[in-house]
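Below, each chain spelled out in residue letters.
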Amino acid sequence: NAGVMQNPRHLVRRRGQEARLRCSPMKGHSHVYWYRQLPEEGLKFMVYLQKENIIDESGMPKERFSAEFPKEGPSILRIQQVVRGDSAAYFCASSPYQNSPLHFGNGTRLTVT
Amino acid sequence: KNEVEQSPQNLTAQEGEFITINCSYSVGISALHWLQQHPGGGIVSLFMLSSGKKKHGRLIATINIQEKHSSLHITASHPRDSAVYICAVDLGGSQGNLIFGKGTKLSVKP
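Here the protein sequences come in this chain order: W and U. With the working numbering applied, the first sequence covers 37 to 149. With the working numbering applied, the second sequence covers 388 to 497.
By construction, these hints were calculated from the structure, which means they are not laboratory data.
Some chain U residues flagged as far from chain W (calculated, every beta-carbon gap over 10 angstroms):
{"#": "1", "residue": "402"}
{"#": "2", "residue": "442"}
{"#": "3", "residue": "449"}
{"#": "4", "residue": "453"}
{"#": "5", "residue": "461"}
Straight-line C-alpha distance at most 20 angstroms; calculated SDA-like pairs for lysine to any residue:
{"#": "6", "chain 1": "U", "residue 1": "440", "chain 2": "U", "residue 2": "458"}
{"#": "7", "chain 1": "W", "residue 1": "87", "chain 2": "W", "residue 2": "107"}
{"#": "8", "chain 1": "U", "residue 1": "489", "chain 2": "W", "residue 2": "124"}
{"#": "9", "chain 1": "W", "residue 1": "80", "chain 2": "U", "residue 2": "492"}
{"#": "10", "chain 1": "U", "residue 1": "492", "chain 2": "W", "residue 2": "78"}
{"#": "11", "chain 1": "W", "residue 1": "107", "chain 2": "W", "residue 2": "88"}
{"#": "12", "chain 1": "W", "residue 1": "63", "chain 2": "U", "residue 2": "482"}
{"#": "13", "chain 1": "U", "residue 1": "492", "chain 2": "W", "residue 2": "75"}
{"#": "14", "chain 1": "W", "residue 1": "80", "chain 2": "U", "residue 2": "417"}
{"#": "15", "chain 1": "W", "residue 1": "80", "chain 2": "U", "residue 2": "432"}
{"#": "16", "chain 1": "U", "residue 1": "442", "chain 2": "U", "residue 2": "404"}
{"#": "17", "chain 1": "U", "residue 1": "496", "chain 2": "U", "residue 2": "426"}
{"#": "18", "chain 1": "W", "residue 1": "80", "chain 2": "U", "residue 2": "396"}
{"#": "19", "chain 1": "W", "residue 1": "80", "chain 2": "U", "residue 2": "415"}
{"#": "20", "chain 1": "W", "residue 1": "63", "chain 2": "U", "residue 2": "432"}
{"#": "21", "chain 1": "W", "residue 1": "63", "chain 2": "W", "residue 2": "41"}
{"#": "22", "chain 1": "W", "residue 1": "80", "chain 2": "U", "residue 2": "392"}
{"#": "23", "chain 1": "W", "residue 1": "80", "chain 2": "U", "residue 2": "428"}
{"#": "24", "chain 1": "U", "residue 1": "441", "chain 2": "W", "residue 2": "139"}
Given the structure is predicted, the values throughout are model-derived calculations rather than measurements. Beta carbons: idealized from backbone N, C-alpha and C, even for Gly.
Just chain W, with the same shape it has in the complex:
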C-alpha cells in the first residue's frame, strides 16, 4: 500500500508562472490536507478537502491559490502568478476518516526565481 505520493518533488518556476502541485492520498483515504512550510518557519495549515468538496480553506491566501480534489485523480494545489514569497515546501497529508492520524507525503519544494 503506497503512502501519500506528492509530485513533483522539486519545482522551479519563474515569477508570474503557474505552479501545480499534485497529491495522491493513500488508498482508501478520502480526506486530504495541504500545509505550507516557509523557510525557517513552522508548518501552516492551508486547506482541507474531501472528494469534490472544500471543507476548510481558512489557511489559504485569498488570491492566486486554489485547491481541488476531484472525484477521479489526485488533489491539486494551484498557485497562479507565483511570487518569490511562494517559495516553500508544500506538504500534503491524508486520513481515512475524521479524528484519525495523518499520513504525510514527502512534500514538494517550490522555488520561485
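We have chain W; now place chain U onto it with these hints.
For chain U alone, kept in the frame of chain W given last:
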C-alpha cells in the same frame, strides 16, 4: 505569543541518552500530534493523543490536559533519531486544521 511552544529549540545528545522534548499550548484542544521531520524533509506522524500516555517502541508521548502540556520521550537514543520533532494541536474545528510548534531539532551523536 505563539499558541504552541516547544522546548528546547535545539538538543544535542549522546547515543543511549534519555531524551525529553516538551510542548506547551495556551488553548483548549481536542488532540495533540507529535511529528518527526527527517533531514530529507519528509514528515512522519508519531502520535496522536488526547489524554494519558502512548508508547511505540522507544518513543513515549504523554499529555496533561489540565496543565496544557505534552512531552515526547525517546529512550536509548540513537543517531537515526536525529530529526526535527514537531508538536501540533487540533483545536477541535475542522479536521487537520492544526497549529504547529516551531519544532525541536535533535542531534544524537554516536
